[in-house]
Amino acid sequence: MLLRETITQAIYSLTVNKLRSWLTIMGVAVGVFSIIAVMTALDAIDKSVESGLASLGANTFQIQKNPATTFGSGHSRNLYANRKDITWQQALLFKKSMEATSRNIGFMISSMANQAKYASLTTNPDVTMTGGDENFSASSGYIVASGRNLAESDIRYAKNSVVLGNEVATTLFPSGVNPQNKSIKINGDIYTVAGVFDKKGAAFGQSQDNFVLIPITRYLNHINEKSSVSITVEAISRKDYPLAIDRAIGAMRLARGLTVKDANDFEIRTNESLIDSFRDIQRAIGTGAFIISFMALLTAGVGIMNIMLVSVTERTREIGIRKSVGAPRGVILYQFLFEALFLSLAGGVIGIIAGVATGNVVAFKFNLPPIFPWLWIIISMVVCSGIGMTFGLFPAWKAANLDPVEALRPK
Amino acid sequence: MQSLCKFYEMGDQTVRALDSINLDFRQNDYTAIMGPSGSGKSTLMNILGCLDTPTSGLYELNGQSVAEMDDDELARIRNKEIGFVFQTFNLLPRLNCLRNVELPLIYAGVAPEEREERAAKALVNVGLGDRIKHKPSELSGGQIQRVAIARALINNPSIILADEPTGNLDTATSHDIMNIFGALSDAGNTIILITHEEDIAHYTRRIIRLRDGKIESDERR
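Residue numbers (the working numbering), protein chains in the order written: chain F, 1 to 411; chain R, 412 to 632.
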């Protein structure tokens, strides 16, 4: 019961000096806000990356000339620069030796910044043109919404067929016109629309529907013959996945004509390797945010201590009066400790609310469901309590041990 | 109390604020302690009120030896046995009269309902039944001092210690306050007044005069 009184008194004391209390609370709130906002945003991006990678297809991996990202310079960069393109012939050889032990093998080449045109309608010049085969849609997780996919004959004869990504289709054919068999122009070349893909949504914050798919053979013959083919392999099962990677490396070495002493001159890109490199970035941001937040909270803690010391000095007489009517040291100690604790926890709550809200703006931008980083919320509350206790203890101790005679002496 | 001493170190000098004081207060005593500034009367009052401990000597309150107590034990004694009335009133300005009066009961661990009831009753007894929700700043000096008296009485203390209780009041109000003390004495309370005003001291039945930390005279009337 005395505890309840003490808490009530502590909160009441804070309401007396509202501006000062709020400023102190804001100090804590900013520290907590920064860590919660960053962690919520990182969680959101994390989910986005996972769903983005999942949309690449389960149990798949890519074989490409170069890694997804390269760090460093000099030797390692030259190493990649001098690599020969993966040719269509090599890709076909690879497919022949892998076909029996894979669920699906797809090929693709893509280039950015293309423009499609139908009648008076044009897209922005930011359409990705993908050269692929009939297996591309399956291995990349695209579903044909209307019309047909590329056929084997399209690939064999390098036909000018095109399957439109959903975004391109809605731009060029806005009002229910059936796009099938219509002629469109891409970068000035004429193509016949075979079908339209279903909407797939965004991954990594980027639309996956702003593209057109043409036969890979046509791409190599007409667009750019010096392109390196990217191969997507879907393993038969999750269990077979590591083995499939090993087989693929063997098949690719064979297709590239490498001898025993040559190193691999291609890269295997797995979802895991992408996740790994993303996690590195995430960890770096997280560590940075943590250090900054820690310093902000430390500053806020010093602020609390400062304000509590001022408060003790200002309320010396009050402490004296309370002691004269029989308040034991413990009660005075707790009263001031609760004040410090309340300041830091209120700051924590505000910081968490603002942080989660801000973090979820990022989640919203990535079209993700709201996220509550419970772990960080709990950690923040614990840290705030710790800060309140630590930095409130000295002023509270000082208050509790005031000499009542001194405290009551008129000034 | 026997051969009570309180020394202060001031630089390399020792100030003998109280020098071998022997005093005995009996129940229902109504005493005034008088003396000029620096005579040690405030120090004596602090020790009597268990706000301070003597450098040496004995102080027994209801058979309990106070001199050796630690801070928390002293706090408990102040809470149960002592009721203070100060010259500067020493009410908490942000709390209303009721909350001020019930403060000692909070530290005594009394339940909220009982606290309020007792505090309200104490305020009625000092004639402030219609002011219980007022804050000290809304009251006159005499009214504030009556709130302080109500607070001092709330725990039925063994001693009521009043340090210049009329020092900040005009003559008429002082007279009112002294009448309250008189009535409290008649009701059996033990009261110790500290004052330097002769006419205030003459309301009491015993006058102790201090000078330079020593008792100059101790007369009962």
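Calculated directly from the structure, the hints in this document are not laboratory data. Check the hints yourself; a few may be wrong.
[What the hints assert, rightly or not] The list that follows gives simulated cross-link-like pairs (lysine-lysine, BS3-like), each with its CA atoms no further than 25 angstroms apart:
#1 F/K159 <-> F/K239
#2 F/K47 <-> F/K65
#3 R/K491 <-> F/K18
#4 F/K18 <-> R/K544
[Stated by the list, open to error] Some chain F residues close to chain R (C-beta under 8 angstroms, calculated; not the full set):
#5 L19
#6 V302
#7 G303
#8 K323
#9 P328
Note that beta-carbon positions come from the ideal geometry of N, C-alpha and C, so glycine has one too.
Results of checking the hints against the structure:
1. F/K159 <-> F/K239: 38 angstroms, violated
2. F/K47 <-> F/K65: 28 angstroms, violated
3. R/K491 <-> F/K18: Roughly 35 angstroms separates the two Cα atoms, so the pair is violated.
4. F/K18 <-> R/K544: 23 angstroms, holds
5. L19: 16 angstroms, violated
6. V302: 27 angstroms, violated
7. G303: 24 angstroms, violated
8. K323: 6 angstroms, holds
9. P328: Holds, about 4 angstroms.
Taken one by one, the earlier hints fail for this structure at numbers 1, 2, 3, 5, 6 and 7, listed in ascending order.
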